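When you get a sec, could you build the whole thing from the sequences and use the hints?
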Amino acid sequence: MQAPQYPTLDQVWAWLGEIEDPEIPVISIVDLGIVRAVRWEDGGDSAECVVTITPTYSGCPATHVIAQSVVQTLKGHGVPSVRLETRIAPPWTTDWMSDEGKRKLRDYGIAPPLGLAATQSIAIGDIGRGPAPFLVQAPAGLACPRCDSSDIKLTSQFGSTPCKALYRCSSCLEPFDYFKCH
Amino acid sequence: MLDDKFDYLLRLGDNALVLSQRLSEWVGKGPALEEDMALANTALDLIGQARLWLAYACEVEGAGRTEDQLAFMRDAQEFKNLLLVEQPNSGSGDGGGGGYADTLMRQYLFDSWHLLLLDGLTRSADERMAGIAEKAKKEVTYHLRRSTDLLVRLGDGTEESHRRMQAALDDLWMYTGEMFTADEVDQVLESQGVAENVAALRLTWLEQVGRTLTAATLVMPSPDAWMQKGGKHGRHTEHMGFLLADMQFLQRAYPGQQW
Chain G
1 MQAPQYPTLD
11 QVWAWLGEIE
21 DPEIPVISIV
31 DLGIVRAVRW
41 EDGGDSAECV
51 VTITPTYSGC
61 PATHVIAQSV
71 VQTLKGHGVP
81 SVRLETRIAP
91 PWTTDWMSDE
101 GKRKLRDYGI
111 APPLGLAATQ
121 SIAIGDIGRG
131 PAPFLVQAPA
141 GLACPRCDSS
151 DIKLTSQFGS
161 TPCKALYRCS
171 SCLEPFDYFK
181 CH
Chain H
1001 MLDDKFDYLL
1011 RLGDNALVLS
1021 QRLSEWVGKG
1031 PALEEDMALA
1041 NTALDLIGQA
1051 RLWLAYACEV
1061 EGAGRTEDQL
1071 AFMRDAQEFK
1081 NLLLVEQPNS
1091 GSGDGGGGGY
1101 ADTLMRQYLF
1111 DSWHLLLLDG
1121 LTRSADERMA
1131 GIAEKAKKEV
1141 TYHLRRSTDL
1151 LVRLGDGTEE
1161 SHRRMQAALD
1171 DLWMYTGEMF
1181 TADEVDQVLE
1191 SQGVAENVAA
1201 LRLTWLEQVG
1211 RTLTAATLVM
1221 PSPDAWMQKG
1231 GKHGRHTEHM
1241 GFLLADMQFL
1251 QRAYPGQQW
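From first to last, the protein sequence lines stand for chains G and H. Sequence positions in the first sequence follow our numbering and run 1 to 182. Sequence positions in the second sequence follow our numbering and run 1001 to 1259.
Calculated directly from the structure, the hints in this document are not laboratory data. All values derive from a computational prediction rather than experimental measurement. We put the CB at the ideal spot given by N, CA and C, even for glycine. Treat the hints with caution; some may be incorrect.
Using 25 Å as the maximum straight-line C-alpha spacing, the simulated DMTMM-like pairs for lysine to aspartate or glutamate come out as follows [stated by the list, open to error]:
#1 G:Lys153 / H:Glu1134
#2 H:Lys1138 / G:Asp99
#3 H:Lys1138 / G:Asp177
#4 G:Lys180 / H:Glu1134
#5 H:Lys1138 / G:Asp95
#6 G:Lys180 / H:Glu1034
#7 G:Lys180 / H:Glu1238
#8 G:Lys153 / G:Glu23
#9 H:Lys1029 / G:Glu23
#10 G:Lys102 / G:Asp151
#11 G:Lys153 / H:Asp1036
#12 H:Lys1138 / G:Glu23
#13 H:Lys1029 / H:Glu1238
#14 G:Lys180 / H:Glu1035
#15 G:Lys75 / G:Asp45
#16 G:Lys153 / H:Glu1035
#17 G:Lys153 / H:Glu1034
#18 G:Lys180 / H:Asp1149
#19 H:Lys1138 / G:Glu85
#20 H:Lys1138 / H:Glu1207
#21 G:Lys153 / H:Asp1149
The following label-pair restraints were derived from C-beta to C-beta distances [to be verified]:
#22 G:Ala14 / H:Asn1197: 47 to 55 Å
#23 G:Glu18 / H:Lys1229: 49 to 57 Å
#24 G:Leu9 / H:Gly1028: 22 to 30 Å
#25 G:Val65 / H:Trp1226: 47 to 55 Å
#26 G:Arg87 / H:Thr1066: 15 to 23 Å
#27 G:Gly78 / H:Ala1130: 51 to 59 Å
#28 H:Asn1197 / G:Gly17: 45 to 53 Å
#29 G:Thr155 / H:Leu1250: 45 to 53 Å
#30 G:Gly78 / H:Gly1256: 32 to 40 Å
Okay, structure coming up:
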């Protein structure tokens, strides 16, 4: 019996790379770093494509839509069987976002996350120390994605989605979203 | 042993679930659009965390229940959340806290404890719990940053905002004691390296909260004041039944209904 031909993993990754994030449609779920692994598993008569996903925020409503898109897209390309695995540890971080993804965000008008979350974790013992006890500050180097001005003000710590904060540029006077380093 | 872990997971999940429900009550009514979004997003993080804890609780229980059944089909005495998180948005006391001050103070008192607890749980011997704690900790760090910021701004704000924040603090203080009271469940799980020693968090918490309250020009009530307790064991304040009636109505009236 001849083994059926399955798409290569590279091909599967490429298909997944075409799936847009439902809330930020310029960036793909691969660019976002949500897709952690893809593998074929032998399922007897046919192979099953297993996609491992790490959700962004615990309560992000896009997670469900993303899961549906993955199954629909792969089945649409003829993958006979798709299974999703959710992996929460290690937790999703913006450090996994691709450079291409960050560029697309900026072009779209969303300031991409600055720096690496891994280097910005705070020591629990330091909370509340010093003259300013753990207050909200704009990240160093944040600039308006439209006019590049660094004269910006925080409007709201949460923006249109949990992953963003809302700022206003004092130069071009436009509001903009900042994709938080997380 | 499994019963202890189930109970402990309920406490973690119920804290997040009940506070999320309270914050959701603000949606569409926030004092400013930005605050409305912030409360909704915080509620969203917490409901996500609640699902992670409660889904694990269901697995540990092994009785085939789902996290939705735990959320919607249990009565008040089966909920193990802290009394603090079920307190109404508009305050219960006669201190004149009124409205937003109570919501923010409740959030600050909870966030500051929640972060310490989650930080401890990231080192849990139970890998699944450590993983959930690691994820939740990132979100709660952000919650605490926001609630600290507002606490300082409003405490050290106008005469009126200061008065309201102090009144809210005085009203809610008696619900902070049980955050640090370890019972048998805590002790059993702590001895297995699964849970954090909550009593040991108390001094760190008092020190941090003290510093922040000073920055906010607010006066910390006595740590030795008489404290309410009972939430962990299902003994709740009179607000809990009303909260559940609101939260559970749909699934009680139409069991198993889905969107």
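Worksheet item: Are the Cα atoms of G:Lys180 and H:Glu1134 separated by 25 Å or less?
Response: 18 Å, holds
Worksheet entry | Range hint compliance [Cβ, G:Val65 to H:Trp1226, 47 to 55 Å] | For H:Trp1226 against G:Val65, whose Cβ atoms are near 49 Å apart, the range 47 to 55 Å holds.
Worksheet entry | Whether the CB-CB distance between G:Leu9 and H:Gly1028 falls inside 22 to 30 Å | 46 Å, violated
Worksheet item: Has the given pair, H:Lys1138 with G:Glu85, been kept, meaning a C-alpha gap of at most 25 Å?
Response: Cα-Cα ~22 Å, so holds.
Worksheet item: Regarding the pair G:Lys153 and H:Glu1035, is the alpha-carbon distance no greater than 25 Å?
Response: 16 Å, holds
Worksheet item: Does G:Glu23 lie within 25 Å of H:Lys1138 when you go C-alpha to C-alpha?
Response: 21 Å, holds
Discussion item. Holds or violated: the 15 to 23 Å window for the beta-carbon distance between G:Arg87 and H:Thr1066?
Written reply: Hint holds: Cβ distance 21 Å, inside 15 to 23 Å.
Fill in: Straight-line alpha-carbon gap G:Lys180 to H:Glu1238, limit 25 Å
39 Å, violated
Worksheet entry | Holds or violated: H:Lys1029 to H:Glu1238, with C-alpha atoms at most 25 Å apart | This hinted pair holds, its Cα atoms lying about 24 Å apart.
Worksheet item: Would you say the C-beta atoms of G:Gly78 and H:Gly1256 sit inside 32 to 40 Å of each other?
Response: Between G:Gly78 and H:Gly1256, where Cβ atoms are some 35 Å apart, the hint holds.
Worksheet item: Within 25 Å, alpha carbon to alpha carbon, are G:Lys153 and H:Asp1149?
Response: It holds: about 15 Å lies between the C-alpha atoms, which stays within 25 Å.
Discussion item. Checking one constraint from the list: CA of G:Lys180 to CA of H:Glu1034, max 25 Å. Satisfied?
Written reply: 16 Å, holds
Of the numbered hints given earlier, the model fails hints 1, 7, 24, 27 and 29; all others are met.
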